[in-house]
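Student: In order, the protein sequence lines correspond to chains A and B.
With the working numbering applied, the first sequence closes on residue 317, and no number is skipped along the way.
With the working numbering applied, the second sequence closes on residue 317, and no number is skipped along the way.
Hints were generated in silico from the structure; no laboratory data involved.
A virtual CB, placed ideally from N, CA and C, is assigned to each residue, including glycine.
Treat the hints loosely; a few may be bogus.
[What the hints assert, rightly or not] Capping the alpha-carbon separation at 25 Å, the derived lysine to any residue pairs in SDA-like fashion look like this:
1. B:LYS69 with B:GLU49
2. A:LYS156 with B:ASP117
3. A:LYS165 with B:PRO47
4. B:LYS227 with A:ASN152
5. B:LYS169 with A:PRO93
6. B:LYS189 with A:LYS169
7. B:LYS169 with A:LYS285
8. A:LYS165 with B:LEU247
9. B:LYS169 with A:LYS230
10. B:LYS195 with A:GLU132
11. A:LYS189 with B:GLU132
12. A:LYS169 with B:LEU46
13. A:LYS165 with B:ILE149
14. A:LYS165 with B:LYS227
15. B:LYS165 with A:ARG90
16. A:LYS230 with B:LEU247
17. B:LYS230 with A:GLU148
18. A:LYS128 with B:LYS165
19. A:LYS128 with B:LEU46
20. A:LYS169 with B:LYS281
21. B:LYS169 with A:GLU132
22. B:LYS281 with B:LYS225
[To be verified] If you want the ones that stay clear, here's a sample from chain A, every Cβ over 12 Å from chain B, calculated:
23. THR44
24. GLY84
25. PRO112
26. HIS127
27. PHE147
28. GLU166
29. ALA170
30. LYS202
31. ILE246
32. LYS292
33. THR316
There are 2 protein chains.
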Amino acid sequence: MSASVVLHVFLLTFLFFSLEYYSMRVDKYLSEKKKLIEKKLDTLLPPESEYPEIIHRAMRYSVFAGGKRIRPILAIAGFEACGGKTLNRILPCACTIELIHTFSFIHDDLPCIDNDDYRRGKLTSHKVFGEAIAVLTGDALLNLSFEIIANTNLKVRTKVDILKEITKAIGTDGVLGGEVVDIISEGKKLDPEKLEYIHTKKTGALISASLKIGGLCAEASPKKLKALKDAGSKLGYAFQIVDDILDVEGDDSRVGKKTGKDAESGKITYPGLYGIEGSKSKVKELCSGAKGIFDRFGVKGEILKDITDFIGERTW
Amino acid sequence: MSASVVLHVFLLTFLFFSLEYYSMRVDKYLSEKKKLIEKKLDTLLPPESEYPEIIHRAMRYSVFAGGKRIRPILAIAGFEACGGKTLNRILPCACTIELIHTFSFIHDDLPCIDNDDYRRGKLTSHKVFGEAIAVLTGDALLNLSFEIIANTNLKVRTKVDILKEITKAIGTDGVLGGEVVDIISEGKKLDPEKLEYIHTKKTGALISASLKIGGLCAEASPKKLKALKDAGSKLGYAFQIVDDILDVEGDDSRVGKKTGKDAESGKITYPGLYGIEGSKSKVKELCSGAKGIFDRFGVKGEILKDITDFIGERTW
Numbered sequence: 002m003s004a005s006v007v008l009h010v011f012l013l014t015f016l017f018f019s020l021e022y023y024s025m026r027v028d029k030y031l032s033e034k035k036k037l038i039e040k041k042l043d044t045l046l047p048p049e050s051e052y053p054e055i056i057h058r059a060m061r062y063s064v065f066a067g068g069k070r071i072r073p074i075l076a077i078a079g080f081e082a083c084g085g086k087t088l089n090r091i092l093p094c095a096c097t098i099e100l101i102h103t104f105s106f107i108h109d110d111l112p113c114i115d116n117d118d119y120r121r122g123k124l125t126s127h128k129v130f131g132e133a134i135a136v137l138t139g140d141a142l143l144n145l146s147f148e149i150i151a152n153t154n155l156k157v158r159t160k161v162d163i164l165k166e167i168t169k170a171i172g173t174d175g176v177l178g179g180e181v182v183d184i185i186s187e188g189k190k191l192d193p194e195k196l197e198y199i200h201t202k203k204t205g206a207l208i209s210a211s212l213k214i215g216g217l218c219a220e221a222s223p224k225k226l227k228a229l230k231d232a233g234s235k236l237g238y239a240f241q242i243v244d245d246i247l248d249v250e251g252d253d254s255r256v257g258k259k260t261g262k263d264a265e266s267g268k269i270t271y272p273g274l275y276g277i278e279g280s281k282s283k284v285k286e287l288c289s290g291a292k293g294i295f296d297r298f299g300v301k302g303e304i305l306k307d308i309t310d311f312i313g314e315r316t317w
Numbered sequence: 002m003s004a005s006v007v008l009h010v011f012l013l014t015f016l017f018f019s020l021e022y023y024s025m026r027v028d029k030y031l032s033e034k035k036k037l038i039e040k041k042l043d044t045l046l047p048p049e050s051e052y053p054e055i056i057h058r059a060m061r062y063s064v065f066a067g068g069k070r071i072r073p074i075l076a077i078a079g080f081e082a083c084g085g086k087t088l089n090r091i092l093p094c095a096c097t098i099e100l101i102h103t104f105s106f107i108h109d110d111l112p113c114i115d116n117d118d119y120r121r122g123k124l125t126s127h128k129v130f131g132e133a134i135a136v137l138t139g140d141a142l143l144n145l146s147f148e149i150i151a152n153t154n155l156k157v158r159t160k161v162d163i164l165k166e167i168t169k170a171i172g173t174d175g176v177l178g179g180e181v182v183d184i185i186s187e188g189k190k191l192d193p194e195k196l197e198y199i200h201t202k203k204t205g206a207l208i209s210a211s212l213k214i215g216g217l218c219a220e221a222s223p224k225k226l227k228a229l230k231d232a233g234s235k236l237g238y239a240f241q242i243v244d245d246i247l248d249v250e251g252d253d254s255r256v257g258k259k260t261g262k263d264a265e266s267g268k269i270t271y272p273g274l275y276g277i278e279g280s281k282s283k284v285k286e287l288c289s290g291a292k293g294i295f296d297r298f299g300v301k302g303e304i305l306k307d308i309t310d311f312i313g314e315r316t317w
């Protein structure tokens, strides 16, 4: 073998093991943090035995119906990227983001909105508990999130900053605004501006806020907070485009809900407007942009870059 | 005429004018404060022209669909009873209580819960904007309430105290818990304990919190805060019993919604359990208890006593 062939074999082997290493690193991080989050969620939610039991059962049913806990993990990773160390400082707030995400999809799944029977492979809240309880369960999770923030051990100033961030992300210029435009756009002509609005608000706003809340809990500088928010916007947008791609390409059992629904219902999607290849290339561009920002956090931002790759390549 | 007759005529005239005076005083107070609250609500809600317009129109539609604004007025009166002077300190928080009340009744009126077509004499949110927008409008009002609290000029400590109070009042041990028990009890055997739970939680919790939030904005002592909360519980309970009485005795045009619905739907009500006379005597007992507590605030608590009478005798 010539020296050049040996070098090539060596480089390819190195690349393979490096990729394996990074993939193992992110898998380990995600699984460890997921466990911590679920343990904390269990202590934050009222027990099922507490009166009136049905709503506490319904809250726990949807919160513990699976999910990768990507949003709270991003909050933890943002916290750590800004030098945060004591995880107990970030865990309750990270959990509130999962509760807010759950509130949002319980209402979104209702017959009068998306009319989804399954979520994460399980029956949706209204299918199990009825519509009335599903509406109130969403309300209770949203309210509980704020109650948790109020009762954390953070400085009062930090609590208020988190409250400002999170309410802005949920409001009519955030998740709820995105949902409204999603609803009123159904069956209408595809429009790139509207598509971007829906994606960046409906999904992007909470993902972006997750990262920033991590930074707030670590008392990061305004510059770092802005970086987290900017990277979060790109990551959130990428996350939603991948969602759209999976609705076309994914299989029901892996994605955990009925795929192909967007096209059926006449929903505006990224692949519908730019095709699958155009969508995949946009995901790459957004992830690369987010990673460029995470570079500024040096070695502490490495895991955020790994999570970005994980989100860009996800199949669930 | 004998001296005794003259004395009787004099006393009756005095009593008549005193009652007139107090009635005028409370009317003037309620109408002045209502104006202030509605002016402030107008500045706190996003304009109808803001994108996505439909949800901002829907939010304003329900918030401005009438109402006596009793809850925010109680917050103001609680604030003043504790020595609060600058109304700008209490007004935003008082308004959030009205927004929370509105969120709660928009969801309560939904077809899957109470299925009410009218509220305060106007079509309910879902009848005008459709169910999907009504669900999201309720969500947006709840979220906006917390956003407003976060952005007031109060001390951060006070904001967090208010947040704790309000989330507890809304949660599954408050308004939402009361609604859940109300729903699951429909058509079941009347049970005094359950009735008290529903009334004190579904209506009482927010009315009681209104008064305490007034005290919190005035930085009142824990003793005064407790007094406001205790009196508020009685007042809130009385308020709901009057509601039940009006459902039997009131007329639709004055009450602003369909009366007689409770009996039709098999709902547990106070008159259903204790009769109209028993209900009226309970209202008197509760109002008298609340007024006894308000006495501790001296002259500054006078208006709270007047409002208590007003609530006990209301016909709307």
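Student: Determine for every hint whether it applies to the structure shown.
Tutor: Hints versus structure:
| no. | hint | in the structure |
| --- | --- | --- |
| 1 | B:LYS69 with B:GLU49 | holds, 23 Å |
| 2 | A:LYS156 with B:ASP117 | violated, 44 Å |
| 3 | A:LYS165 with B:PRO47 | holds, 16 Å |
| 4 | B:LYS227 with A:ASN152 | holds, 20 Å |
| 5 | B:LYS169 with A:PRO93 | holds, 17 Å |
| 6 | B:LYS189 with A:LYS169 | violated, 42 Å |
| 7 | B:LYS169 with A:LYS285 | violated, 44 Å |
| 8 | A:LYS165 with B:LEU247 | violated, 41 Å |
| 9 | B:LYS169 with A:LYS230 | violated, 31 Å |
| 10 | B:LYS195 with A:GLU132 | holds, 22 Å |
| 11 | A:LYS189 with B:GLU132 | holds, 20 Å |
| 12 | A:LYS169 with B:LEU46 | holds, 14 Å |
| 13 | A:LYS165 with B:ILE149 | holds, 9 Å |
| 14 | A:LYS165 with B:LYS227 | violated, 29 Å |
| 15 | B:LYS165 with A:ARG90 | holds, 19 Å |
| 16 | A:LYS230 with B:LEU247 | violated, 52 Å |
| 17 | B:LYS230 with A:GLU148 | holds, 19 Å |
| 18 | A:LYS128 with B:LYS165 | violated, 32 Å |
| 19 | A:LYS128 with B:LEU46 | violated, 34 Å |
| 20 | A:LYS169 with B:LYS281 | violated, 45 Å |
| 21 | B:LYS169 with A:GLU132 | holds, 24 Å |
| 22 | B:LYS281 with B:LYS225 | violated, 29 Å |
| 23 | THR44 | holds, 16 Å |
| 24 | GLY84 | holds, 23 Å |
| 25 | PRO112 | violated, 8 Å |
| 26 | HIS127 | violated, 8 Å |
| 27 | PHE147 | violated, 5 Å |
| 28 | GLU166 | violated, 9 Å |
| 29 | ALA170 | violated, 9 Å |
| 30 | LYS202 | violated, 9 Å |
| 31 | ILE246 | holds, 25 Å |
| 32 | LYS292 | holds, 31 Å |
| 33 | THR316 | holds, 30 Å |
Violated hints for the displayed structure, listed by number in ascending order: 2, 6, 7, 8, 9, 14, 16, 18, 19, 20, 22, 25, 26, 27, 28, 29 and 30.
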